Amino acid sequence: MTPSADSGAAILLTLQLAAITTLFLLLLATPLAWWLARTSSRWRGVIIALITLPLVLPPTVLGFYILLTLGPDGWIGNLTQSLGLGLLSFSFTGLVIGSVFFSLPFAVYPILYAFEMLGRRPLEVAATLRAKPLDAFFSVALPLAKPGLLTASVLIFAHTVGEFGVVLMIGGDIPGETRVIATQIFGYVEAMEYEAAHRLAALMVAFSFVMLMALTRLRRRAGAALP
Amino acid sequence: MGLLRIMAFVRTAALLLIAALTSTPGRTGEVHVAVAANFAAPMKSLAIAFERESGHRAILSLGATGQLYAQIRQGAPYHVLLAADSNTPSKLAGEGDAVATTQRTYAMGRLVLWSRDVDTVDAKGEVLRRGDFRRLAIANPKLAPYGAAAMQTLSTLGLLKTLRSKIVDGANINQAFQFVASGNAELGFVAMSQVMQAGHLRSGSAWIVPAHLHEPIKQDVILLAKGQDNPAALALLRYLDSRRARDIIQRYGYELP
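These protein sequences, in sequence, are chains S and F.
Using my numbering, the first residue of the first sequence is number 1, and each one after it goes up by one.
Using my numbering, the first residue of the second sequence is number 1, and each one after it goes up by one.
Just so you know, the hints here were simulated from the structure itself, not pulled from any lab data.
Here the structure is a predicted model, which is why all the values come from computation and not from measurement.
Hints are not guaranteed to be accurate.
Stated by the list, open to error - Per label pair, the in silico range of CB-to-CB distance:
id, chain 1, residue 1, chain 2, residue 2, range
1, S, Ala201, F, Gly96, 23 to 31 Å
2, F, Gly94, S, Gly8, 29 to 37 Å
3, F, Ile48, S, Gly8, 44 to 52 Å
4, F, Gly96, S, Gly45, 56 to 64 Å
5, S, Gly8, F, Gly199, 45 to 53 Å
6, F, Arg164, S, Ala131, 57 to 65 Å
As the list claims (entries may be wrong) - Listed next, the in silico SDA-like pairs over lysine to any residue satisfying Cα-Cα at most 20 Å (straight line):
id, chain 1, residue 1, chain 2, residue 2
7, F, Lys166, S, Thr93
8, F, Lys91, S, Tyr194
9, F, Lys44, F, Arg251
10, F, Lys166, S, Ala9
11, F, Lys161, S, Glu177
12, F, Lys166, S, Pro175
13, F, Lys161, F, Pro141
14, F, Lys166, S, Asp6
15, F, Lys166, S, Gly176
16, F, Lys142, S, Ile174
17, F, Lys142, S, Ala191
18, F, Lys166, S, Gly84
19, F, Lys226, F, Gly29
20, F, Lys161, S, Ile174
21, F, Lys161, S, Pro175
22, F, Lys142, S, Glu177
23, F, Lys166, S, Gly86
24, F, Lys44, F, Ser242
25, F, Lys142, S, Pro175
26, F, Lys142, S, Glu195
27, F, Lys91, S, Val189
28, F, Lys142, S, Ser7
29, F, Lys91, S, Ala191
30, F, Lys142, S, Met192
31, F, Lys142, F, Gln74
32, S, Lys132, S, Pro122
33, F, Lys142, F, Lys166
34, F, Lys161, S, Asp6
35, F, Lys44, F, Leu60
36, F, Lys142, S, Ala9
37, F, Lys142, S, Tyr194
38, F, Lys142, S, Ala197
39, F, Lys166, S, Gln81
By construction, the Cβ of each residue, glycine as well, lies at the ideal position given by its N, Cα and C atoms.
All chains, full assembly: derive it from the sequences and hints.
What follows is the structure, given as structure tokens:
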């Protein structure tokens with residue numbers, strides 16, 4: 001299996017996209033999940049429903065709205081233009097924004113689940129030992145929620161690598177900028193370059209399998225079964 | 001008693017279903033048509049008029065010509081192909097997936113450089129030389145003849161190298177149009193039929209690309225092997241030659257051969 005230069009560029013770009021999206025989503029989803037796990041706000045249900053939307057919506061719906069939002073008539077487009085950044089559609093940054101929305105539920109759910117499993121007890125104990133809430137969060141809650149964070153990381157990464165519909169809608173298929181593995185395979189298949197499509201597609205199957213195996217291993221070591 | 005009634009109901013329902021599935025109302029039929037994306041709007045009008053005149057229903061599938069080609073090669077159940085070029089129908093005929101004798105040109109397409117802003121594109125297309133824009137949308141040149149014509153135009157003008165990094169590909173000409181219409185790309189190469197009606201620009205600004213800058217966009221229709229025994233497919237081919245059909249095609253900004 002020796003992917004061509006085109007495929008190589010697409011693989012590199014996809015890995016970058018997945019890594020950056022994973023990082024961003026962990027930073028975003030952890031506090032969000034923490035709040036959701038502890039709040040009794042009546043907005044909780046609404047927020048959970050909103051977070052879950054990308055899971056049930058067709059990627060074309062997401063892609064369509066993200067394209068409009070990033071465009072000159074959308075609020076993100078307005079914002080980036082007034083900041084002098086121009087428009088983000090057809091750019092790597094645009095793909096990161098799309099991927100963050102697309103994989104949001106895959107980030108929030110495992111972490112939320114881990115925090116909920118924790119219960120209130122460990123933090124109460126920490127409080128009696130005079131740990132400030134923030135300290136308790138970092139030195140008690142976060143380490144205990146490690147299996148959830150690991151699961152979230154693997155799921156976000158794998159889900160972003162597998163992203164297709166959203167990229168197709170907002171990417172514009174630019175080599176080295178927005179042409180990821182999934183759209184590269186689509187391009188090969190459409191142009192009937194089945195040989196090249198095969199090589200890349202087989203690589204994806206192998207990669208996804210290895211990721212899922214790694215997830216099971218990691219979680220077993222972290223002392224938890226798959227939810 | 002209840003059970004008997006339910007069984008009677010189920011039997012009636014089953015009979016109705018079988019009747020619905022096997023019936024052939026009169027002599028009307030269905031024809032599955034693969035249509036190049038640039039011709040979507042006129043083909044929808046044509047399908048309505050065709051059904052009114054013949055009673056046959058035309059079911060349309062849209063895509064870039066290259067995309068449709070791949071689908072047909074893989075056994076897609078289309079009866080007629082309206083391509084955006086003449087190579088693809090010839091190739092299909094050569095490969096035994098279409099009937100060579102039925103191939104002919106149904107329309108000549110024109111390429112237009114278009115922006116949704118009123119003063120972005122000048123009457124001579126100088127905006128391409130200035131290059132003061134971020135993105136130029138075209139249809140995927142590997143799959144869409146209009147995309148290939150756009151690339152030829154840029155290379156005839158000697159601008160391919162300088163503009164290459166600004167090009168964004170739509171999966172077909174409709175996506176290229178949509179990139180421009182939503183403002184995500186400032187300008188793009190689209191089909192004249194997408195932006196003009198009866199010789200007038202519907203909105204924005206445009207440059208009608210002179211025909212000598214690219215190979216002519218000769219759009220051919222061909223009967224596919226799967227449609228050979230379908231009377232509705234043959235009727236559609238005849239209809240495309242009719243006076244009324246030719247009027248509709250012209251009204252959408254195409255020239256006739």
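Hints and how they fare:
Take alanine 201 of chain S and glycine 96 of chain F: their Cβ atoms lie about 28 Å apart, and the range 23 to 31 Å holds. In this structure the hint that glycine 94 of chain F and glycine 8 of chain S lie 29 to 37 Å apart at CB holds, the actual value being about 34 Å. Isoleucine 48 of chain F and glycine 8 of chain S have their C-beta atoms about 49 Å apart, which keeps the hinted 44 to 52 Å range intact. Range check, glycine 96 of chain F to glycine 45 of chain S: about 60 Å between beta-carbon atoms, so the 56 to 64 Å window is met.
In this structure the supplied range 45 to 53 Å holds for glycine 8 of chain S paired with glycine 199 of chain F, their Cβ-Cβ distance being about 48 Å. A hinted range of 57 to 65 Å holds for the C-beta pair arginine 164 of chain F and alanine 131 of chain S, which are about 58 Å apart. Among the hinted pairs, lysine 166 of chain F with threonine 93 of chain S is consistent with the structure: their alpha-carbon atoms are about 16 Å apart, no more than 20 Å. Restraint check for lysine 91 of chain F and tyrosine 194 of chain S: the C-alpha separation of about 18 Å stays at or below 20 Å, so the hint holds.
Of the supplied pair hints, the one linking lysine 44 of chain F and arginine 251 of chain F holds, its CA atoms being roughly 13 Å apart against a limit of 20 Å. Taking the CA atoms of lysine 166 of chain F and alanine 9 of chain S, the gap is about 18 Å. The hint holds against a cut of 20 Å. Of the pairs offered as hints, the one joining lysine 161 of chain F and glutamate 177 of chain S holds, with about 17 Å between alpha carbons and a cut-off of 20 Å not exceeded. In summary, the hint linking lysine 166 of chain F to proline 175 of chain S is supported, as the alpha carbons are separated by about 11 Å, within the 20 Å threshold.
This hinted pair checks out: lysine 161 of chain F and proline 141 of chain F have alpha carbons roughly 16 Å apart, not beyond 20 Å. Pair hint lysine 166 of chain F plus aspartate 6 of chain S holds up; C-alpha atoms about 18 Å apart against a cutoff of 20 Å. Taking the CA atoms of lysine 166 of chain F and glycine 176 of chain S, the gap is near 13 Å; set against the 20 Å cutoff, the hint holds. Our distance criterion of 20 Å between C-alpha atoms is met by lysine 142 of chain F and isoleucine 174 of chain S, whose separation comes to about 14 Å.
Between lysine 142 of chain F and alanine 191 of chain S, the direct Cα distance comes to roughly 7 Å. Compliance with the 20 Å bound is thereby established for this hinted pair. Simply put, lysine 166 of chain F and glycine 84 of chain S have alpha-carbon atoms about 18 Å apart, close enough for the 20 Å limit, and the pair holds. This hinted pair checks out: lysine 226 of chain F and glycine 29 of chain F have alpha carbons roughly 14 Å apart, not beyond 20 Å. Restraint check for lysine 161 of chain F and isoleucine 174 of chain S: the C-alpha separation of about 15 Å stays at or below 20 Å, so the hint holds.
Restraint check for lysine 161 of chain F and proline 175 of chain S: satisfied, since their Cα atoms lie roughly 15 Å apart, inside the 20 Å limit. At roughly 19 Å between alpha-carbon atoms, lysine 142 of chain F and glutamate 177 of chain S fall within 20 Å of each other, so this suggested pair holds. Under the criterion of a C-alpha separation no larger than 20 Å, the hint pairing lysine 166 of chain F with glycine 86 of chain S is consistent with the structure, at around 14 Å. The suggested pairing of lysine 44 of chain F with serine 242 of chain F holds, with an alpha-carbon distance near 16 Å, which does not exceed 20 Å.
Among the hinted pairs, lysine 142 of chain F with proline 175 of chain S is consistent with the structure: their alpha-carbon atoms are about 14 Å apart, no more than 20 Å. About 17 Å separates the Cα atoms of lysine 142 of chain F and glutamate 195 of chain S, which keeps this hinted pair within 20 Å; it holds. Among the hinted pairs, lysine 91 of chain F with valine 189 of chain S is consistent with the structure: their alpha-carbon atoms are about 18 Å apart, no more than 20 Å. With a CA separation close to 17 Å, the supplied pair lysine 142 of chain F and serine 7 of chain S stays within the 20 Å bound.
Taking the CA atoms of lysine 91 of chain F and alanine 191 of chain S, the gap is near 14 Å; set against the 20 Å cutoff, the hint holds. Between lysine 142 of chain F and methionine 192 of chain S the alpha-carbon distance is near 10 Å, which keeps this suggested pair within the 20 Å criterion. Under the criterion of a C-alpha separation no larger than 20 Å, the hint pairing lysine 142 of chain F with glutamine 74 of chain F is consistent with the structure, at around 18 Å. Between lysine 132 of chain S and proline 122 of chain S the CA atoms are separated by roughly 13 Å; this keeps the pair inside 20 Å, and the hint holds.
Taking the CA atoms of lysine 142 of chain F and lysine 166 of chain F, the gap is about 17 Å. The hint holds against a cut of 20 Å. Straight-line distance between C-alpha atoms of lysine 161 of chain F and aspartate 6 of chain S comes to about 19 Å, which keeps the hinted pair within the 20 Å bound. Among the hinted pairs, lysine 44 of chain F with leucine 60 of chain F is consistent with the structure: their alpha-carbon atoms are about 8 Å apart, no more than 20 Å. Taken as a hint, the lysine 142 of chain F and alanine 9 of chain S pair is honoured in the structure, with Cα atoms around 19 Å apart against an allowance of 20 Å.
Restraint check: the Cα-Cα separation between lysine 142 of chain F and tyrosine 194 of chain S comes to about 15 Å, which is no more than 20 Å; the hinted pair holds. With a C-alpha separation of about 15 Å, the suggested pairing of lysine 142 of chain F with alanine 197 of chain S holds against the 20 Å cut-off. The hinted pair formed by lysine 166 of chain F and glutamine 81 of chain S meets the criterion: a straight-line CA distance of about 18 Å does not exceed 20 Å.
In summary, the structure agrees with every hint in the numbered list given earlier.
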